[in-house]
Amino acid sequence: MRTLNSKMQGAGLIEVMVAFLVLGIGLLGILGMQSASVQYSQQAYLYSQATLLAQDIAEKMRSNQKTVASNYEIEFGATPPSYTSNYCVSNACTPAVIADWDVSVWRSAISKALPQGSGEIRKLQSAASAYIIEIRFDADRGEGELDTVTMEVVL
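Note that my numbering gives residue 87 to position 87 of the sequence shown, counting from 1, and the numbers run on in steps of one.
Source of the hints: derived by calculation from the structure; they are not laboratory data. The structure presented is a predicted model; accordingly, all values stated were derived computationally and were not measured. Do not rely on the hints blindly, as some may be mistaken.
Unchecked claim - The calculated label-pair distances, taken between Cβ atoms and stated as ranges, are: (1) 52 - 130: 29 to 35 Å; (2) 26 - 124: 50 to 56 Å; (3) 40 - 65: 37 to 43 Å; (4) 56 - 92: 49 to 55 Å; (5) 128 - 150: 16 to 22 Å; (6) 75 - 27: 47 to 53 Å.
Glycine is no exception: its CB is placed at the ideal position from the N, C-alpha and C atoms.
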């Protein structure tokens, strides 16, 4: 029969406790990485939505170039004309009304798709048919300044 040395008693328990401690620290690290991954994924989604919305209004401006000069320009905080969701779909509209309708629908889509979202379209002074489309939104959910997607469009 073998006898255990008194110094060896409980050594297995300490090894198991250290293993659990290392495992716990590793799991906390994985949990932190997963949390950051979800946050970055959400931010990437918001940036892609802002880019798509900027491209959307740019295409609408290109398709209605007769009235682009002033009808599509709108500043942050300015209230666009309000129309029902199918106003220019079911009615015959002039190019100016189409531009107002496009801006109204675009601003509504921004506010629905992006947290604290707002958009601005302004004429670039250096070029005759160039515009800046800028969309601001809160990708960090209140943890900093508003994020901005800016697109320069030449019609």
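So, going through the hints one by one against the coordinates:
Taking the beta carbon of each, residue 52 and residue 130 are about 21 Å apart, not inside 29 to 35 Å as hinted. The hinted range of 50 to 56 Å is satisfied by residue 26 and residue 124, whose Cβ atoms lie roughly 53 Å apart. In this structure the supplied range 37 to 43 Å holds for residue 40 paired with residue 65, their Cβ-Cβ distance being about 38 Å. The hinted window of 49 to 55 Å between residue 56 and residue 92 is violated, with their beta carbons roughly 23 Å apart.
The hint said 16 to 22 Å for the Cβ distance between residue 128 and residue 150, and at roughly 20 Å that hint holds. Distance hint check: the CB atoms of residue 75 and residue 27 are about 50 Å apart, consistent with the given range 47 to 53 Å.
In summary, the structure is inconsistent with hints 1 and 4 from the numbered list given earlier, while agreeing with the others.
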